[in-house]
Amino acid sequence: MSNEILMEVKSVDRTYMDANNHTVEALRNINLSIKRGEFLSIIGPSGCGKTTLLRLLAGLDVPEAGVITLEGKEVKGPHPDRGYVFQQSSLFPWLTVEKNIASGLKARGVYKENKDEIAQYIKMIGLTGFEKVYPHQISGGMAQRVAIARSLINHPAALLLDEPMGALDAFTRADLQDKILELWKENKTTMILVTHDVDEALYLSDRVVIMSPRPGKISEILEVSLPRPRQKNSQDFMILRSSILEKLHLASTVPQVEYTI
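Numbering (the working numbering), first residue to last: 2 to 262.
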């Protein structure tokens with residue numbers, strides 16, 4: 002990770018109308034600098050505007066006040082320089098694994114000159130042998146790997162991850178976390194993850210952005226200096242976990258032992 006700033010969020014506000022025609026203030030005065038090559042996680046209580054912020058970074062939504070820039074240029078809409086991975090894989094069900102990945106190239110009109118990269122990315126995500134398989138024939142974790150490869154093959158400056166592991170079982174989730182870390186190290190792509198999982202944020206991130214309840218504001222940015230690979234049951238990890246949970250008002254100062262059966 003360098004100290005060079007890749008993206009900046011400057012004094013951003015966002016409100017919208019809910020189903021009952023009431024004004025909802027989703028974000029208020031968000032200021033954030035995202036470094037090139039870092040892994041940044043955004044956590045906070047439900048409804049605090051995490052996904053709204055991610056959609057603004059992607060250009061899928063626009064702020065009512067403030068500005069978002071990528072490499073000094075204002076973000077005004079979606080672009081392949083910002084990949085986006087949804088909670089559900091959102092693969093095209095009528096396309097095979099390799100054709101889903103190729104769709105990223107075709108959308109940019111660069112398929113012919115870059116099609117040789119498809120096999121490279123299939124190998125990178127660990128799905129060699131599944132090239133001709135359709136989405137309904139693979140697991141949720143495998144489908145998310147394909148969705149990530151479909152974004153990464155465009156060589157984005159930043160990959161935006163909207164709880165891509167939220168619907169997965171514990172074992173598949175842990176496996177995908179490790180694969181995402183591997184891809185991050187290999188590609189040196191800036192990654193920005195929205196998650197509800199404090200352990201996930203600490204395991205993956207260089208920094209964790211903690212957001213307050215609506216209207217969403219950044220209450221703190223925590224540097225995670227733990228060496229990798231990180232052990233989720235280590236004392237230092239548990240101390241950081243406890244600290245974040247306290248800030249989120251979700252736990253006492255002493256973390257409780259959790260079991261997955």
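Be a bit skeptical, because a hint or two may be false.
[Stated by the list, open to error] Pairs of lysine-lysine residues, derived as DSSO-like cross-links and limited to a Cα-Cα distance of at most 30 Å, are as follows:
{"id": "1", "residue 1": "77", "residue 2": "116"}
{"id": "2", "residue 1": "218", "residue 2": "233"}
{"id": "3", "residue 1": "186", "residue 2": "116"}
{"id": "4", "residue 1": "100", "residue 2": "77"}
{"id": "5", "residue 1": "77", "residue 2": "113"}
If you are wondering where the hints come from, they were derived from the structure by calculation, not from laboratory data.
Hints versus structure:
Pair hint residue 77 plus residue 116 holds up; C-alpha atoms about 29 Å apart against a cutoff of 30 Å. Between residue 218 and residue 233 the CA atoms are separated by roughly 28 Å; this keeps the pair inside 30 Å, and the hint holds. Among the hinted pairs, residue 186 with residue 116 is consistent with the structure: their alpha-carbon atoms are about 23 Å apart, no more than 30 Å. Proximity of residue 100 to residue 77 is assessed by CA-CA distance (about 29 Å); at most 30 Å being required, the pair is judged to hold.
The suggested pairing of residue 77 with residue 113 holds, with an alpha-carbon distance near 28 Å, which does not exceed 30 Å.
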